[in-house]
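Next come the chains, spelled out residue by residue.
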Amino acid sequence: KAGVTQTPRYLIKTRGQQVTLSCSPISGHRSVSWYQQTPGQGLQFLFEYFSETQRNKGNFPGRFSGRQFSNSRSEMNVSTLELGDSALYLCASTFGVASYEQYFGPGTRLTVT
Amino acid sequence: QKEVEQNSGPLSVPEGAIASLNCTYSDRGSQSFFWYRQYSGKSPELIMFIYSNGDKEDGRFTAQLNKASQYVSLLIRDSQPSDSATYLCAVSRAGGYNKLIFGAGTRLAVHP
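From first to last, the protein sequence lines stand for chains U and C. Sequential numbering of the first sequence, starting at 309, is according to the numbering used here. Sequential numbering of the second sequence, starting at 28, is according to the numbering used here.
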């Protein structure tokens, strides 16, 4: 069974631009969660989608948004990029409705200059 | 107080020894507990999960959960240099759906 895939793997953007990251979950998994990982803050939850509905959102500004499609693929968007948005963005896929095991994709490394 | 606390390490153990990694959490409503291993430059890899009080063993790994003490640990027996990585403890709460709250991670170094 294929794992979680994320595209692109690496991105370099300039301040003020926007970016869209994509995640395809494991086949059959309906929940997709997004996390941001930085050396200073560690792994922080951004949001979770289940059956195209956002069920949970972390403490991030409104510049961070996401969506999920009917095939469970998910995208997250960051508008008006800031230097502090440089991070590893991780997508995790889960089969169950709640508190089940999550499997991470390889991540997208975003650098904002 | 952070919701999930781990000693940042590094925890240094000799090859073949038992490595013991600890994690405490503050929310008594926490219901599922996960250990992830993350190699430098890679994404986290799930190695253990535990939902009930007690021990759960999988190969060289044992997870231990004590909800009364709000404590979860990971034991790695016969530690190998390839086990050198950062180990992340993660917790999900009742009503939190699939939101995971992570500790800062413990860096483990296994030396030959």
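Among these hints, one or two may not hold up.
[What the hints assert, rightly or not] Using 25 Å as the maximum straight-line C-alpha spacing, the simulated SDA-like pairs for lysine to any residue come out as follows:
(1) C:69 to U:361
(2) U:365 to C:76
(3) U:365 to U:352
(4) C:69 to C:139
(5) C:94 to C:58
(6) C:83 to C:38
(7) C:69 to U:359
(8) C:29 to U:316
(9) C:69 to C:113
(10) U:365 to C:38
(11) U:365 to C:32
(12) C:29 to C:42
(13) C:69 to U:378
(14) U:365 to C:139
If you are wondering where the hints come from, they were derived from the structure by calculation, not from laboratory data.
Consistency of the hints with the structure:
| no. | hint | verdict |
| --- | --- | --- |
| 1 | C:69 to U:361 | violated, 29 Å |
| 2 | U:365 to C:76 | holds, 23 Å |
| 3 | U:365 to U:352 | holds, 11 Å |
| 4 | C:69 to C:139 | holds, 23 Å |
| 5 | C:94 to C:58 | holds, 9 Å |
| 6 | C:83 to C:38 | holds, 22 Å |
| 7 | C:69 to U:359 | violated, 28 Å |
| 8 | C:29 to U:316 | violated, 32 Å |
| 9 | C:69 to C:113 | holds, 11 Å |
| 10 | U:365 to C:38 | violated, 34 Å |
| 11 | U:365 to C:32 | holds, 22 Å |
| 12 | C:29 to C:42 | violated, 32 Å |
| 13 | C:69 to U:378 | violated, 29 Å |
| 14 | U:365 to C:139 | violated, 44 Å |
Checked against the numbered hints above, the structure violates hints 1, 7, 8, 10, 12, 13 and 14; every other hint is satisfied.
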